[in-house]
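K.L.:
Here is what each chain is made of, one letter per residue.
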Amino acid sequence: MQQEWTNWSGSLRFTPGSTETPSDEEELAQLVCRAASDGRTVRAAGAGHSSSPLVQTEDILVSMERFRGVEHHDPGAREVTVKSGMMLREANRAFLDLGLALENLGDVDLQSLVGAIGTGTHGTGRRFHILSHHLIGGRLVNGRGEIVEFPMERDSEFVLAARVALGALGIFTALRLRLVPAFRLHRREWCAHIEDCLADLDRLIEENRNFDFYWYPRSDEAKLRTLNFPEEDQKTTIPYARCVKEMSGWSGEVIPRQRELRFDEIEFFFPAEAGPRCFREVRKRVKARHRKSVGWRVLYRTIAADNAYLSGAHSRDSVTISLHQNNTLPYDEYFRDIEHIFRDYGGRPHWGKKHYLKAGDLRPLYPMWDRFLELRQRMDPEGVFLNPYLSELLGCGRTAPLHA
Amino acid sequence: MKIIGRTTWAIPGGRIPLNSTGPEPDFTSNEELCILNAGYQDAKVEITVFYESRDPVGPYRITVPAKRTRHVRFNDLIAPEAMPLDTDYACIVDSDVAIVVQFNRRDTSRAENALMGVMAFPVD
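Protein chains in written order, with our numbering: chain A, 1 to 404; chain B, 1 to 124.
No wet-lab data here; the hints were simulated from the structure. Any given hint might turn out to be false.
Just the calculated beta-carbon pair ranges, DEER-fashion [claimed, not checked]:
#: 1; chain 1: B; residue 1: 56; chain 2: A; residue 2: 191; range: 51 to 61 Å
#: 2; chain 1: B; residue 1: 90; chain 2: A; residue 2: 70; range: 52 to 62 Å
#: 3; chain 1: A; residue 1: 33; chain 2: B; residue 2: 56; range: 50 to 60 Å
No farther apart than 25 Å at their CA atoms in a straight line, the calculated lysine-lysine pairs in the DSS-like style are these [said to hold, decoys possible]:
#: 4; chain 1: A; residue 1: 358; chain 2: A; residue 2: 292
#: 5; chain 1: B; residue 1: 2; chain 2: A; residue 2: 245
#: 6; chain 1: A; residue 1: 287; chain 2: B; residue 2: 44
#: 7; chain 1: B; residue 1: 44; chain 2: B; residue 2: 2
#: 8; chain 1: B; residue 1: 44; chain 2: B; residue 2: 67
#: 9; chain 1: B; residue 1: 2; chain 2: B; residue 2: 67
Which residues of chain B face chain A? A partial, calculated answer using Cβ under 8 Å [as the list claims (entries may be wrong)]:
#: 10; residue: 18
#: 11; residue: 25
#: 12; residue: 65
#: 13; residue: 69
#: 14; residue: 71
#: 15; residue: 72
#: 16; residue: 76
#: 17; residue: 81
#: 18; residue: 82
#: 19; residue: 84
#: 20; residue: 90
#: 21; residue: 94
#: 22; residue: 96
#: 23; residue: 97
#: 24; residue: 100
Here a beta-carbon is modelled for each residue, glycine too, at the ideal position from N, C-alpha and C.
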């Protein structure tokens, strides 16, 4: 009997028809080839940290847990090709062993590397991009069961589509990344009143390598986080805040933190200039309508513009705002209500988190939406990698008969 | 110094006011647990919250260092989950060493603040 699959927060549960764990690329290609000829569908699972139903399937679920390790390293070019089943934490350690690092990381490193890339996962810092920006090539198995290599030098357009692909172009087997030299950071956490933080927001974002803040709706206080190179961090002062925690270490050790407490989350990307106004409106709405059931925090971060087709930061320097709710408490009414505000400010959803947008809402938000769908159609003409959620999200259906 | 207090306390009459008047956090309506640990060992405290129509939630874990007091707003507790405002609740406070527990409510729903402080009920 098939085991139920559950994501990290517990809000997503399903039982796949079968779970396959291929040991190499050829076995995966044969599996997809068979699925295509049988009219079946295939989804690949990462670490399950995402809470959107991208992975959900009643048909074949593929685990990539056997695809681990560094496949190739070019020290001169700071390029590394890794197998796609690596967890982000594991990849960070492997990169550090090579004297390399991702330029930025998110709050946690519980995701698979390919899942973080495929959903446009990001950290904070106005000069830093989403994690996918490191991707400059790799290999995938397409919907016909063919192994396709896509080097940036030969097909840059495809790489821009592949950087945030939602698992819709194929199943990645190898990721080629251009990294930066390993670096250390000094991390500090500060407590302050939210109004003081907002009044100083531009300076905080400008002067710190990485800056974000959490707002706590039941006290109007904020937790500020600053990360800087240790040798440059001595000058950092926040006169109205008190420093409550600090630590130094390699980037992969101090940017992500442990998260024992599980939660559901919705997050949208906005044009950077709209961020403060949007946050103030969200704050007002949460205090007026949701404080009875919402005690947890709202997170504000910054991200540099990029050109990946489905990136939330496509063509615009961005701010993200995310809502958190304990995973044992209802989130739906809260997230839906605030999503209206997010949409008023031109918000684009984080693909790995909760949101309620469909293809008709999404298409106007992404200038390269149609081009992405053309490439998707080319890679997966029969819809082997589509599940009902993705079909609705992208506005494209299967062309092959469904498996009986 | 004599060891003072008890290891289990009960507070039956909780209900955090929903609305507040005045600048926050100073004037946020809140309910607060004030714990005195006069002993020589840190107190590991667990709070279990009871509701009218759902199973208890907890434990909420806090530490009160030896020879210290700690004031904790129920409003701010988020692990394992945020408590609902404007909802009847009760709680049991368990500690591994003797402590003294007081319960405060500050209601700023109207500009004329209301403040109440009572001792929790010592169970053991």
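K.L.:
For each hint, tell me whether it holds in the structure or not.
P.N.:
Checked hints:
1. B/56 x A/191: 51 to 61 Å: violated, 31 Å
2. B/90 x A/70: 52 to 62 Å: holds, 56 Å
3. A/33 x B/56: 50 to 60 Å: 54 Å Cβ-Cβ, so the 50 to 60 Å window holds.
4. A/358 x A/292: At roughly 30 Å apart (the allowed maximum being 25 Å), residue 292 of chain A and residue 358 of chain A break the hint.
5. B/2 x A/245: violated, 35 Å
6. A/287 x B/44: Violated, at about 33 Å.
7. B/44 x B/2: Given pair residue 44 of chain B, residue 2 of chain B holds - Cα atoms ~19 Å apart, limit 25 Å.
8. B/44 x B/67: holds, 13 Å
9. B/2 x B/67: holds, 12 Å
10. 18: Holds, about 6 Å.
11. 25: holds, 4 Å
12. 65: It is violated, given that the least Cβ distance between residue 65 of chain B and chain A is near 16 Å, above 8 Å.
13. 69: With a closest approach of 19 Å, the residue 69 of chain B hint is violated.
14. 71: violated, 13 Å
15. 72: Violated, because the Cβ-Cβ distance from residue 72 of chain B to chain A comes to roughly 12 Å (cut-off 8 Å).
16. 76: holds, 6 Å
17. 81: This hint holds: residue 81 of chain B lies near chain A, its Cβ roughly 4 Å from the closest one there, short of 8 Å.
18. 82: holds, 3 Å
19. 84: holds, 6 Å
20. 90: Hint violated; residue 90 of chain B Cβ to chain A Cβ min 18 Å, cut 8 Å.
21. 94: The hint is violated - residue 94 of chain B has no Cβ within 8 Å of chain A, the shortest such distance being about 21 Å.
22. 96: violated, 21 Å
23. 97: violated, 25 Å
24. 100: violated, 25 Å
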